[in-house]
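*Asks:* Here are the chains, one letter per residue:
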Amino acid sequence: MALSQKTKEVLFGPLNINNPVVVQVLGICSALAVTVQLKPALVMGIAVTIIVAMANVIVSLIRNTIPMRIRIIIQLVVVAALVTLVSEVLKAFAYDVAMQLSVYIGLIITNCILMGRLEAFAMTNKVWDSFLDGLGNGFGYAIILVIVAFFRELLGAGTLLGFRVIPESWYVANGGFYENCGMMMMPAMALILVACIIWAHRGYNKELK
Amino acid sequence: MNMAQKKFVCSVCGYVHNGDKAPEVCPICKQSGVFVEEKKNGLDTNSNVYTIIYATIIVVIVAVLLALVSQVLSPRQEANRLLDQQKQILVALNQNYDNTDPAALYRSLVNDTIDVNGAPVFVANIEGNTKYVLKLHGAGLWGGIGGYLALDADKNTIYGINFNHESETPGLGAEIVTDKFRSQFPGKHIRNAAGEVVSVAVLKAGKVADGQEQVDALSGATITSDGVSTMIATNLAEYAEFLNNIDNINNASDSEPTTCAAPTSVSEANLITEE
Numbered sequence: 001m002a003l004s005q006k007t008k009e010v011l012f013g014p015l016n017i018n019n020p021v022v023v024q025v026l027g028i029c030s031a032l033a034v035t036v037q038l039k040p041a042l043v044m045g046i047a048v049t050i051i052v053a054m055a056n057v058i059v060s061l062i063r064n065t066i067p068m069r070i071r072i073i074i075q076l077v078v079v080a081a082l083v084t085l086v087s088e089v090l091k092a093f094a095y096d097v098a099m100q101l102s103v104y105i106g107l108i109i110t111n112c113i114l115m116g117r118l119e120a121f122a123m124t125n126k127v128w129d130s131f132l133d134g135l136g137n138g139f140g141y142a143i144i145l146v147i148v149a150f151f152r153e154l155l156g157a158g159t160l161l162g163f164r165v166i167p168e169s170w171y172v173a174n175g176g177f178y179e180n181c182g183m184m185m186m187p188a189m190a191l192i193l194v195a196c197i198i199w200a201h202r203g204y205n206k207e208l209k
Numbered sequence: 001m002n003m004a005q006k007k008f009v010c011s012v013c014g015y016v017h018n019g020d021k022a023p024e025v026c027p028i029c030k031q032s033g034v035f036v037e038e039k040k041n042g043l044d045t046n047s048n049v050y051t052i053i054y055a056t057i058i059v060v061i062v063a064v065l066l067a068l069v070s071q072v073l074s075p076r077q078e079a080n081r082l083l084d085q086q087k088q089i090l091v092a093l094n095q096n097y098d099n100t101d102p103a104a105l106y107r108s109l110v111n112d113t114i115d116v117n118g119a120p121v122f123v124a125n126i127e128g129n130t131k132y133v134l135k136l137h138g139a140g141l142w143g144g145i146g147g148y149l150a151l152d153a154d155k156n157t158i159y160g161i162n163f164n165h166e167s168e169t170p171g172l173g174a175e176i177v178t179d180k181f182r183s184q185f186p187g188k189h190i191r192n193a194a195g196e197v198v199s200v201a202v203l204k205a206g207k208v209a210d211g212q213e214q215v216d217a218l219s220g221a222t223i224t225s226d227g228v229s230t231m232i233a234t235n236l237a238e239y240a241e242f243l244n245n246i247d248n249i250n251n252a253s254d255s256e257p258t259t260c261a262a263p264t265s266v267s268e269a270n271l272i273t274e275e
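Protein chains in written order, with this note's numbering: chain A, 1 to 209; chain B, 1 to 275.
Bound conformation, chain A alone:
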């Protein structure tokens, strides 16, 4: 399947040059909250991708009928309804996942990436493009979350996805030389890591300067 130039731009732009977190600087608050470990970061990334793609499609479908003065409220209603719907369905068919997601589901509504994409893209673009834009931005968000969570879990707890990476015998408590970096567990470290990523990203992409 050949993708047109615009499709490519819409789908892959957010992964790098137009990344929602490091370039548009959206969704930072949830990036702090869910990146202590890799697993919740992955789950949150996937959940946001699905919701932002679905919300983009719905808002794009009704974009010509939405009264301009209450468009933000309508977008919010669409997002909130979707999130509630997804959480209800998960509780009925995938209870374990629902329990793990419980906090993050609520956080999705407040994620500014959703409102940002709905307002900036879905309101003025066709359905298919909006869907791709949602997917692209969701993935772009997920990538940054996973990178941050990778470093925070590895350095803060010595594990990845719950599996021990740094051997127990290395630790000072067991007569070794290594100690976890407690700072990595603090929310502020996520901010510092995101800043480091932005730094590296801008340094690499000259056109962003």
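It should be emphasised that the hints constitute simulated quantities derived from the structure, not laboratory data.
It is possible that some hints are incorrect.
As the list claims (entries may be wrong) - Using C-beta positions, here's what the derived DEER-type ranges look like:
# : chain 1 : residue 1 : chain 2 : residue 2 : range
1 : A       : F163      : B       : R76       : 44 to 52 Å
2 : A       : I73       : B       : A209      : 47 to 55 Å
3 : B       : V60       : A       : K6        : 34 to 42 Å
4 : B       : T222      : A       : N64       : 51 to 59 Å
5 : A       : M99       : B       : V16       : 49 to 57 Å
6 : B       : G19       : A       : K6        : 30 to 38 Å
C-beta: ideal position from N, C-alpha, C; glycine also.
Assemble chain B onto chain A, guided by the hints.
*Replies:* Below, chain B without anything else, positioned relative to chain A:
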């Protein structure tokens, strides 16, 4: 809608022209052939009436949809909640349900529920020994925490415990659900030497509890650990009527300490003599 005129918008600069037909050249940006007619569906989407009707319809649609979904799915959700509770009780009873049907295992072990002022006590029978499972609920750092506490028939020795939480910090407070934290509890006693219910304290390593037994708190999760400590104490107080009713402790076959229990302490010896 109330105007006979049509609306034309310049696609380059956004200038709006009202009239029967589009001007040749845009007066602002001086480009020709750039005007597009607005209002495809003939509705003025900015009028007050339209806005109010639109908002009403959207809200009604969303409300009906959500109510419908909630109604249709609620039996399944309820079943899932019940199954989850059964699984948690099984974990508190140190049962492994990986290779069996948890619901069937639960039915084979738990045979009675006592109501203590609205709080449930699940009575289980493990290899001939009676265990009481108490429900715990309390507050952690970000949200609710809960769990199930299984006691031996002496209503003193902890047989097992299980925790759950809504939103504790992953890697810190959320560690209360891990086996590493849970496994500290079995064998501890909730009564002091005098037989009074004093709960088990969750304390930082190095601190020593006064007059009660203790387990180590999670490092970096002080408030969640304190929450667990408080939760166990307050819930045991709520169950006081049940716990202090030593008479209804089951028959002699239960007085044997279970394999899981710690070395017999003074308090347990006291209780057994009381029996």
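*Asks:* Each of the hints needs a verdict: does it hold here or not?
*Replies:* Verification of the hints:
1. Look at F163/A against R76/B: about 33 Å separates their beta carbons, and that is not inside 44 to 52 Å.
2. Between I73/A and A209/B, the C-beta spacing of about 54 Å keeps the proposed range 47 to 55 Å intact.
3. Distance hint check: the CB atoms of V60/B and K6/A are about 37 Å apart, consistent with the given range 34 to 42 Å.
4. The beta-carbon spacing between T222/B and N64/A, approximately 54 Å, falls within the hinted interval of 51 to 59 Å.
5. For the pair M99/A and V16/B, the beta carbons lie near 53 Å from each other, so the given range of 49 to 57 Å is met.
6. For the pair G19/B and K6/A, the supplied restraint of 30 to 38 Å holds, since their beta-carbon distance comes to about 34 Å.
Of the numbered hints listed earlier, the single one contradicted by the structure is hint 1.
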